[in-house]
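Participant: For the sequence shown, the working numbering begins at 2 and goes up steadily by one.
Everything labelled a hint here was simulated from the structure, so no lab data went into it.
A virtual CB, placed ideally from N, CA and C, is assigned to each residue, including glycine.
Take the hints with a grain of salt, since some may be wrong.
[As the list claims (entries may be wrong)] Pairwise CB distance ranges (calculated):
(1) 245 <-> 92: 44 to 52 Å
(2) 258 <-> 139: 49 to 57 Å
(3) 113 <-> 203: 43 to 51 Å
(4) 76 <-> 129: 15 to 23 Å
(5) 137 <-> 221: 36 to 44 Å
(6) 77 <-> 169: 40 to 48 Å
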Amino acid sequence: MLCLDLDDTLLLPDLTIPQEVCGALRALIDRGVLVTLATGRMFPSAQKYARIVGITAPLVCYNGAVIRAASDDAPQFASFLPQPVARHIMALAAREGWYLQLYNNDRIVVAERNAFTERDGDLLNAPCDEVGDLLRAELGPTPKMMTAGNPDELPARLSRLRATLGDSLYIATSKPYLLEMMDKNVSKANSLARLAEEHGIRSEEAVACGDSTNDAEMLAWAGVGCCVANGLPALKARADYVCERERSYGVLEVMERFF
């Protein structure tokens, strides 16, 4: 089993995957290896890249909050933020002037679009609804909320969230300017463990590859946890294997070494 993060791991800075890497992944799939994506992105983004590569296994999206077949079936598993927690985050963001983005039925929802909205890779693959006041909008359950800002501001936001919500959230970081908030029981590792069990795969038979702190649990769960060369130092320190190459070519290195 090969579990791959997308941004800054499988994807190049221009959000593409080299043909050489696509070919190697297809060859691995043809050999019967279960290959999946484990990403903070929403399903339409993950599905786009799964189709490019030829991945047919279920995909782990929203940092583990959703497992969904690449064929676009209904989610096999979904975990949503409890409504009181979600509304508390909305109120806190409105009071503090934080940019807040949430996800509803594969749509991006914001009070008002800004520069951070435009930086989101999901925007290329999903519609964005501007609703004005998130607290007054009629919104369904959300698997993930995200606040964005200057990297220097985020530690204070994290402390504020921890102070008011304690351990009722799983908070992850995929970019230095983002905090991503999911239900407390969510992680890429938990969903990959669920997926592996369904396919009769033990964790020690899995190889995972990532670059950022939201990949830490995934790397710890897998039998071999790999960090691409451009990954964060903190993740490299926890990895079983640190690639010599960056991004897609680091993934290729992992395939060549472990498969």
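Participant: Please go over all the hints and tell whether each is borne out by the structure.
Facilitator: Results for each hint:
no.	hint	verdict
1	245 <-> 92: 44 to 52 Å	holds, 47 Å
2	258 <-> 139: 49 to 57 Å	holds, 50 Å
3	113 <-> 203: 43 to 51 Å	holds, 47 Å
4	76 <-> 129: 15 to 23 Å	holds, 21 Å
5	137 <-> 221: 36 to 44 Å	holds, 41 Å
6	77 <-> 169: 40 to 48 Å	violated, 25 Å
This entry does not satisfy hint 6, going by the numbered hints stated previously; all others are met.
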